[in-house]
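Chemist: Single-letter residue listing:
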Amino acid sequence: MKKIQVLGTGCPKCKTLMANAEAAVEAAGIEATIEKVDQIADIMKLGVMITPALAVDGEVKSVGKVLSADEIKKFLA
Amino acid sequence: MDWKSEWKKWVWIVAAFLACFYLPVGNARFDHALLEAAHLVKWYAREHVLLCLIPAFFIAGAIGVFVSQTAVLKYLGPKANKWVAYGVASVSGSILAVCSCTILPLFTGIYRMGAGLGPACAFLYSGPAINVLAMIMTARILGPELGLARAIGAVVFSGVVGYAMQLLFRREEVAKIAASIRMPDDQDGRPLWQTALYFASMVLILVFANFGKPQSSEGVWAALYRLKWVLTSVCAAGLGVMLVAWIKMRMWKVGLVAAVTALTALATGGNPLAAFTVGALGLAWLTATDKGEGGSWFESSWTFAKQILPLLLIGVVVAGFLLGRVGQEGAIPSEWVARAVGGNSLRANFLASFAGAFMYFATLTEVPIIQGLMGAGMGKGPALALLLAGPALSLPSMLVINSVLGLKKTATFVSLVVMLATVTGYVFGRGC
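Taken in sequence, the protein lines are chains D and H.
Okay, so the first sequence: first residue is 3 according to the working numbering, each after it adds one.
Okay, so the second sequence: first residue is 714 according to the working numbering, each after it adds one.
These are calculated hints, taken from the structure and not from any lab test.
Cβ atoms here follow ideal geometry from the backbone N, Cα and C, with glycine treated the same way.
You may find that some hints are simply not true.
Claimed, not checked - If you want a taste of the chain D side facing chain H, the calculated C-beta under 7 Å gives, among others: (1) 39; (2) 42; (3) 45; (4) 46; (5) 53.
Claimed, not checked - Which chain H residues stay away from chain D? Per the calculated CB distances, all over 10 Å, these: (6) 729; (7) 733; (8) 1041.
So here's chain D without its partners, still in its complex pose (with noise of 0.2 Å):
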């Protein structure tokens, strides 16, 4: 089971890649979470400072770039 967080403080990015987070956990198939962290606190403590990001369980991956639903596949395999 693979533990995904949509970092964003609610932009219209960040609500697109969660969107394509959504595809991707789908298209890929697999058991997955996915959860969006949107106090700026929190984002921090992750080492973050360029929304949107995207962590799959619990290490950032992507950092200021909405990734498409494939690129998000790749990290989920």
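Got chain D; can you put chain H on it based on the hints?
Modeler: What follows is chain H alone, placed relative to chain D:
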């Protein structure tokens, strides 16, 4: 019937009914204000959209894609040299993205993980205040003088405000967060001179296409004015070559767009607006159909356009309705404006900066609003004060800053900005 949930709707319906019932149609001032709003919208659409806003969107989009954010952050990290950090923080607002949801995490990061309170505050001010789109619109609509004063003022301000914050709170140490900063991957392999030339060509297109007619018919400016469309075309051709050579666009596509643009110019007997529009549409087609960097460029520009255009339209309509065009009166009598912020008294400057600090300006809407205010009698000094304090601060952003910095520091930051804006406006107003 469940009145607990229905009463709100009832209030809305009654309020709407009363508004319609007492709609002041036929009242000369109201009718005139409506007309003014329509006139102002038309003027913006004719004068500012094609030649100014569209190239500005492309430039803002290109900054988001082609300028590496990592390079900026390197100078704001924990080990950064303090002076370099201030310098970079003051100008970085123009390079990094312009929405507040991007600024706030960066600000918190610089404060808690990086260079500390001073540079973080400098960055917090410069982020929304120094954005390329806003500078271009200010210079175009309110005049180059105010545009330049705004640009210089904003850069100097952010440094001064940041340093003052650092001095005032030098005793307080913040517990730094130990997490290592995660930087975005730096995949930007283009040498600096290529990026610089590429941006120069776009900025020059914007400058030459909007080149104003100088007052005298002789001298360098007049000569440049006569050649403005030739120079614009040369820059556009240069941009085309760079698109093929560096951004790796297909040569036949770029060539096709150039040919159609040139043909349009010939067919319309040298009508620059038609050729410019065709060229801009061509660039949109080139970038939108590109799979690599060009595609991201289009996406980023398109995001800006989608975000800003509706806000700007609403801003222009509201400003036109309330304040009217230059020399005309809207719904608010000019005397009121002149009494509050006319001339260049300290009081007028303070009122302008104070109102600006709390008011929320959606991106770029400060420009038509200030244009309206100036038409109604606002002095140049208070106009600059409003421009300097306005976009950088608003009530919603203060609340978020408050949650990061605490009440004392937030209050100090806001008062510093208001005070500095008042003084700068006053000095600027005396100088001209």
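Chemist: Checking each numbered hint in turn, tell me which of them this model violates, lowest number first.
Modeler: When the structure is compared with the hints, only number 1 turns out to be violated.
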